[in-house]
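Q: Residue-level listing of the chains:
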Amino acid sequence: MTTTTQILLASTTLLLLTLGIGLARAMIGPSLQDRMLSVQLLGTGGVAVLLLLSPLLAIPALIDVALVLALLAAVAAAALTRREVDDV
Amino acid sequence: MMAVQLWQLLDLLLAGLTLGLGWAAVSGPDLRRSVVFFIAFGLLVAVVWARLRAPDLALAEAAIGAGLSGALLLSALRDEPDAETSDDVRGGPVAALVSLAGLALAAAFAWVMIHTLGAADPVRLADQITAQLPNSGVGNPVTAVLLNFRAYDTLLELAVLLAAVLGILALGPARTPYRAAGPLLDGLIRWLVPLLILTAGYLLWAGAHAPGGAFQAGAMLAAAAVMLRLGGHTIAGLPRPPMQRILLTAGIAAFVLVGVITTGLGLAFLQYPGGWSGGLILLIEAAATLAIATTLALAYIGGRPAGWVSEGSADTTTKIGGRD
Amino acid sequence: MSDLIGILFVLSGIAFFAAGSIGVLRLPDLHSRLHALTKADNLGLGLLCAGLAIIDGGALNAVKLFLVWVLVLAASATAAHLIAQQALRQADK
Chain A
0 MTTTTQILLA STTLLLLTLG IGLARAMIGP SLQDRMLSVQ LLGTGGVAVL
50 LLLSPLLAIP ALIDVALVLA LLAAVAAAAL TRREVDDV
Chain B
0 MMAVQLWQLL DLLLAGLTLG LGWAAVSGPD LRRSVVFFIA FGLLVAVVWA
50 RLRAPDLALA EAAIGAGLSG ALLLSALRDE PDAETSDDVR GGPVAALVSL
100 AGLALAAAFA WVMIHTLGAA DPVRLADQIT AQLPNSGVGN PVTAVLLNFR
150 AYDTLLELAV LLAAVLGILA LGPARTPYRA AGPLLDGLIR WLVPLLILTA
200 GYLLWAGAHA PGGAFQAGAM LAAAAVMLRL GGHTIAGLPR PPMQRILLTA
250 GIAAFVLVGV ITTGLGLAFL QYPGGWSGGL ILLIEAAATL AIATTLALAY
300 IGGRPAGWVS EGSADTTTKI GGRD
Chain C
0 MSDLIGILFV LSGIAFFAAG SIGVLRLPDL HSRLHALTKA DNLGLGLLCA
50 GLAIIDGGAL NAVKLFLVWV LVLAASATAA HLIAQQALRQ ADK
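Protein chains in written order, with numbering that gives the first Met the number 0: chain A, 0 to 87; chain B, 0 to 323; chain C, 0 to 92.
Hints listed in this document are in silico derivations from the structure and should not be mistaken for laboratory results. This one's a predicted model, so the numbers in the text were calculated from it and none came from an experiment. Don't be surprised by glycine CBs; every beta carbon is placed ideally from N, CA and C. Just to be clear, a hint being listed does not mean it is correct.
Restraint-style ranges between C-beta atoms, simulated for each label pair [as the list claims (entries may be wrong)]:
no., chain 1, residue 1, chain 2, residue 2, range
1, C, Arg-88, B, Arg-123, 53 to 61 Å
2, B, Ala-158, C, Leu-66, 35 to 43 Å
3, C, Gly-56, B, Phe-148, 34 to 42 Å
4, A, Ser-30, C, Leu-66, 29 to 37 Å
5, B, Gly-200, A, Ser-30, 36 to 44 Å
6, B, Leu-197, C, Asp-2, 30 to 38 Å
7, C, Gly-56, B, Pro-241, 50 to 58 Å
8, C, Gly-56, B, Leu-170, 53 to 61 Å
9, C, Leu-66, B, Ala-94, 46 to 54 Å
10, B, Phe-148, C, Asp-2, 40 to 48 Å
11, A, Ser-30, B, Leu-170, 29 to 37 Å
Working from the sequences, and respecting the hints, build out all of it.
A: Laid out in structure tokens, this is it:
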């Protein structure tokens, strides 16, 4: 395994650790928006992990998966925050 | 550090995070909090599928599990505002027993997996599929299985989807529409929706030789519809109800049509004639994509959209207020 | 040599992700946490994509990576805006 690949692998592990730490905000809260923004971090971090896994596993299609995840990142936030017509 | 240990550390971290998020999603009384954790869980499971070298599943999980499921659950929560805290959170001996039973089941399953995956001389389905792949008409083994080797199962899956959406449509009129979007969200929708449609077309086409396919493409189109509805476009990009009915049944219709024709030619039901496999698969997948997209969009809308029933029947309009 | 530059980019991208995570945890207010979040999205992912594009070297991949970054930029900026707006609405109630 080349040095580059090893460093990329270590970076991915480090990134996952960082995301796990960021998820602590989702646990603590206190408001729903705090948890939502923690999930946003996980979303972008997930895109980053997929982009790193693509050369590591030699699966070029993972970049497409990252693209899809990036496109859908806003849907969850919109679903949580949008109000219906008769909402206060 | 040796490569193997690094991978093991990565896998351990991934597994731990997934389990933690799963536990967080089902614990606690606040259901909106649970849905947020469920969305996070879906995102992470997409990464897990990628790690397990299953890009098709990762695509599907990213589109459906991370995006659409969260929106569907939140929609359901809106209908029942007093269910935002689940009052029947049971503690005590029942919960402990159920948890123990769940753990025992998980342990048994893990033991079975370890023993079968590490077996000495296994018969691998993947090898048999790879051997038959040149005869299937496509290059992607997942598409070959879904649309050729086990096409009948896919036909029945589409029928299950149709049954589900018929149930949803029978429940009542569509949910309350959303407010018009502000300039920022409107700007996002203006380019996101065309991009989603474009990506859906790409996934449909690429499904023959790369990860992709009808379910992923349909889910992308449905995500576009959800985005439109959240931005205040009540129709969510769907055509008028007569066309919606045609689209809902298009996938099953394409399958059955091809099957009837092949039977008429003397072959088995859905046994594609030689050389035609690739084209027929693309045709069926295109119809299935539209059907799946319409199904999921109507499921999100939550009921009969305006104009579903013809004039002179009991309800013809979307009730503001949404509850019957 | 290009590998080294790429790795440096990737590592600094991850550093920004870490900064974003710590910011989300440590900052006192929702709105300041949103600031930290978007730094991770913009700079963290941007540097990561640049690094991966350099390491990989292909033109098609570089374009795809750039596209992913731009999409995440726009989507996460709008998401942060929506979250902040809802927080303001609830604070006013």
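Q: Now look at each hint and say whether the structure bears it out.
A: Hints, one by one, checked against the model:
1. Range check, Arg-88 (chain C) to Arg-123 (chain B): Cβ separation about 56 Å, and the 53 to 61 Å hint holds.
2. Taken as a hint, the range 35 to 43 Å holds for the pair Ala-158 (chain B) and Leu-66 (chain C), whose Cβ atoms sit roughly 37 Å apart.
3. Between Gly-56 (chain C) and Phe-148 (chain B), the C-beta spacing of about 38 Å keeps the proposed range 34 to 42 Å intact.
4. Under the hint 29 to 37 Å, the C-beta atoms of Ser-30 (chain A) and Leu-66 (chain C), about 33 Å apart, fit the expected range.
5. Taken as a hint, the range 36 to 44 Å holds for the pair Gly-200 (chain B) and Ser-30 (chain A), whose Cβ atoms sit roughly 39 Å apart.
6. One distance hint, 30 to 38 Å for the beta-carbon pair Leu-197 (chain B) and Asp-2 (chain C), holds here, with the actual separation near 34 Å.
7. For Gly-56 (chain C) paired with Pro-241 (chain B), a C-beta distance near 53 Å keeps the hint of 50 to 58 Å intact.
8. Evaluation of the 53 to 61 Å hint for Gly-56 (chain C) and Leu-170 (chain B) yields a pass: the beta carbon distance comes to about 55 Å.
9. One distance hint, 46 to 54 Å for the beta-carbon pair Leu-66 (chain C) and Ala-94 (chain B), holds here, with the actual separation near 47 Å.
10. Distance hint for Phe-148 (chain B) and Asp-2 (chain C): a CB-CB separation of about 42 Å, consistent with the stated range 40 to 48 Å.
11. Restraint check, Ser-30 (chain A) to Leu-170 (chain B): a C-beta distance of roughly 33 Å satisfies the suggested window 29 to 37 Å.
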